[in-house]
Amino acid sequence: MIELSVFDLVLAALLVVALALTSARIYPGLARQLLIAGLRTVIQLTLIGLVLKTLFANSHLLWVGLLSVLMLAVAGREVMTRQHRRFSGRWGYGIGVVSMFVSSFTVALFALIVVVGNEPWYQPQYAIPLLGMLLGNTMNGIALALDRLTQSAWEQRGVIEARLMLGYTAQDAVSGIRQQVFRSGLIPIINAMAAAGIVSLPGMMTGQILAGAEPVEAVKYQILIMFLISAGAGFGTLAAVHLGVRRLFDERQRLRLDRLQR
Amino acid sequence: MLRSLADLDVNQSSVNLRGVQRERMPATEWRRQVGYLPAESRWWSETVGEHFPRVQADILSQLGFEGEVLTWQVERLSSGERQRLALARLLSNQPQVLLLDEPTANLDPVSTQRVEKLVMDYLHRKQAACLWVTHANDQIERIASRIFYLDRQGLDQKMAT
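Respectively, the protein sequence lines represent chains A and B. Heads up: take any position in the first sequence, counting from 1, add 487, and you land on the numbering used here. Heads up: take any position in the second sequence, counting from 1, add 1235, and you land on the numbering used here.
It is worth saying that the hints were derived from the structure and are not from the lab. Being a predicted model, the structure only gives us computed values, none of them experimental. For each residue, glycine too, the CB sits at the ideal point set by N, CA and C. Worth double-checking, as some hints may not be accurate.
What the hints assert, rightly or not - Pulled from the structure, derived: some chain A residues nowhere near chain B, Cβ distances all over 10 Å:
#1 Leu508
#2 Ile523
#3 His547
#4 Leu596
#5 Gln610
#6 Asp634
#7 Ala649
#8 Tyr655
#9 Ile677
#10 Ser687
#11 Leu742
Said to hold, decoys possible - Quick list of simulated restraints, FRET-style, between CB atoms:
#12 B/Ala1274 with A/Leu596: 53 to 59 Å
#13 B/Met1260 with A/Ser662: 18 to 24 Å
#14 A/Ile677 with B/Glu1303: 37 to 43 Å
#15 A/Gln666 with B/Gln1348: 40 to 46 Å
Let's have the full structure, built from the sequences with the hints guiding it.
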């Protein structure tokens, strides 16, 4: 693989700076955001590069576990901040974290131990990127679904309560909403699978090919990842919707919108 | 208060239905037995019929509808039709108690009479109870057996004459 110099990256950065300068005339605030985000990319990726380098040098289960928990915590925060009307209190953070933990970690363990079968299974070179991709996609699905769930419950509270008044169970009263929510959580991953290879060359595969891997091998890894991501995001969304619906109602099956913020 | 009776809002009060405490009954069963008709009805499917768990033609005809009403589009119902159909929908659960919030507010005199007669017949046949909220004094005289006035001072009871 051809190694990149700092100068190469500066050249690429100039493109972003040019974009910022151009957009500053239309929308100054956006240019600022663009530059800050670019700076964050450089700092965050450099840091994680150093962390991974250290981690690869002494691959110990404790360090891999610690980094995984940190990634989960950050993903949980991200899910929470993307909610327009999130659950108040611990639940706002808890539902996302628990769902991501249950789905991403289970799928990652399954992939590492059963499918890849490395020795040791927690070898960070495999474990961390895999978990990262799983968490990233699960996070998107869960954030979308939870946001949609709380928003729809708020907007359609009249209909939900009308159905409760007629003796529907809480589950039946939100059945239509739950379907839509589940769909919105899964659509991104279904689209990604459907378009893979034709419209878009997935990032991981592209990376492997750039690094000189045999294309068919890269494709096999990409297929594996796609399936893992679908399962992770799907089951994560399922768990989040399940927990979210339970939190929307109390033991007397009343709609409790007072448990949402704002 | 009606929302609390139907167990839709969190409340501390103790309510019994024929000697059975509310908390001893599943919430769904309670709401089927204690039927609450809010002032504004809600509809979620396209046709009227999809909102009815079971159809009782006699109730519909007493309210002045034919059977084909079930195929009507909800979108095209007038507010009076919605109100009467919401009552029919509620009665199809066969509740023991009716909590009616101005059930005739949008109705013309003929429909109002029909609703009053239907509810009175239903109460008599099922030995059911009804809490009927209204602003119309003439309606109170026609239907009420006990009258409660709600004003700023609170609740005041009066027997009907």
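Evaluation of the provided hints:
1. A/Leu508, annotated as away from the interface, keeps every beta carbon of chain B farther than 10 Å; the closest lies near 52 Å.
2. The beta carbon of A/Ile523 is kept farther than 10 Å from every beta carbon of chain B, the shortest such distance being approximately 45 Å.
3. Remark: the non-interface label on A/His547 is consistent with the geometry, its nearest Cβ contact in chain B lying 50 Å away (cut-off 10 Å).
4. Non-interface call for A/Leu596 relative to chain B: holds, since the shortest CB-CB distance, roughly 39 Å, exceeds 10 Å.
5. A cut-off of 10 Å between C-beta atoms confirms that A/Gln610 is not in contact with chain B; the least separation is 52 Å.
6. In this structure A/Asp634 is separated from chain B by more than 10 Å, as the shortest Cβ-Cβ distance comes to about 22 Å.
7. Distance check for A/Ala649 against chain B: the nearest CB is about 4 Å away, which does not clear 10 Å, and the non-interface claim fails.
8. At roughly 7 Å, the least C-beta separation between A/Tyr655 and chain B is not larger than 10 Å, which violates its mark as non-interface.
9. The claim that A/Ile677 is not at the interface with chain B holds, since no C-beta of that chain comes within 10 Å of its own (minimum 27 Å).
10. The Cβ of A/Ser687 lies farther than 10 Å from every Cβ of chain B, with a closest approach of about 38 Å, so its non-interface assignment holds.
11. With a least beta-carbon separation of about 8 Å from chain B, A/Leu742 fails to lie farther than 10 Å from that chain, contradicting its non-interface assignment.
12. Restraint check, B/Ala1274 to A/Leu596: a C-beta distance of roughly 55 Å satisfies the suggested window 53 to 59 Å.
13. Roughly 23 Å separates the CB atoms of B/Met1260 and A/Ser662, a value that falls within the hinted 18 to 24 Å.
14. A/Ile677 and B/Glu1303 have their C-beta atoms about 41 Å apart, which keeps the hinted 37 to 43 Å range intact.
15. At roughly 43 Å, the beta carbons of A/Gln666 and B/Gln1348 sit within the given window of 40 to 46 Å.
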